[in-house]
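Trainee: Below, each chain spelled out in residue letters.
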Amino acid sequence: MDLLFYTFAFLTLACAALVVVSKDAVNAAMFLIVSLVGVAGLFVLLDAALLAFVLLLVYAGAVVTLFLFIVMLLDTTPGSIKPFKLATIVAALVGGAILALGCVSLYQRAVLPAPAVAATAPTLKAYAQQLFTTYLLPVQVVGFLLLIAMLGVIVLSKKFEVKEEAS
Amino acid sequence: MNPIGLNTYVAVSAALFALGFLGVLLRKNTLVVYMCLELMLIASTLALAAFSHFNGTLDGNVFVFFILTIAAAEVAVGLAIIVALFRKRHTVQLEELNQLKH
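Chains as they are written, first to last, in the working numbering: chain A, 1 to 167; chain B, 168 to 269.
Incorrect hints may have been included.
To be verified - Quick list of in silico lysine-lysine cross-link-like pairs, DSSO-like style, CA-CA up to 27 Å:
1. K23(A) x K195(B)
2. K255(B) x K23(A)
3. K85(A) x K255(B)
4. K268(B) x K125(A)
5. K268(B) x K195(B)
6. K85(A) x K23(A)
7. K158(A) x K255(B)
8. K85(A) x K268(B)
9. K268(B) x K255(B)
10. K255(B) x K195(B)
The set of hints was computed from the structure by calculation and includes no laboratory data. Every value quoted in this text rests on a predicted model; they were computed, and no experiment measured them.
Please put together the full structure from these sequences, using the hints given.
Mentor: What follows is the structure in structure tokens.
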């Protein structure tokens, strides 16, 4: 259990770092997929196998594919990274030091409470029960949001003819 | 039984969020910036799932569903905007998209 957790956590974080540093957008998208597989493994360890499945389906299946499609469509060349100015470096060092101080202080003082409840693995029925009773209104709103997003994408991608010339 | 506690999961989530944030600040390609935004969203879902598991409730997991849905819609609209931008300006590098600055 421990070994699995550390493997998945390492996979997630290492590939996320590679997403940030890789020069080519296609490589970044590929590393994003591997990072998502790591997060899905962590979800399985958290007894949320359904969420892991949905994550892989939606993200690795749809979102990253869309990213790759757009990368292919735009055909961008990897840009050059300019060297930082001195003021930027100083500001980054000061900001990083303050952040590290905050993290250390948080780690020493704050302890999140240990689990009081013996967690049971949520079933599909439990999800459905929640989604169709307590969260019925948000489900409807999210469905409507998806419809609006679809219409928005169609409007954004369509090339409109200039109508003024005809009149 | 299982010594991996809530703290560890939240630490992983925070590290993932920080990496995504670093990417948003550092990268100049709009598409990669967008991928790093997705990383930040994923980090928040991981934290939600961990809190939900260790508190014995289902609410966090249901929230993850909503976040995934909204992320999918957001990616579709955002990429459409990027394509429209590329059509107009023929670049997606952030340092060249500075018309509002001048």
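Trainee: Now tell me if each hint is right for this structure.
Mentor: Hint check:
no. : hint              : in the structure
1   : K23(A) x K195(B)  : holds (10 Å)
2   : K255(B) x K23(A)  : holds (24 Å)
3   : K85(A) x K255(B)  : violated (31 Å)
4   : K268(B) x K125(A) : violated (53 Å)
5   : K268(B) x K195(B) : holds (16 Å)
6   : K85(A) x K23(A)   : holds (21 Å)
7   : K158(A) x K255(B) : holds (13 Å)
8   : K85(A) x K268(B)  : holds (19 Å)
9   : K268(B) x K255(B) : holds (18 Å)
10  : K255(B) x K195(B) : holds (18 Å)
Hint compliance for this structure: hints 3 and 4 are broken, all remaining hints hold.
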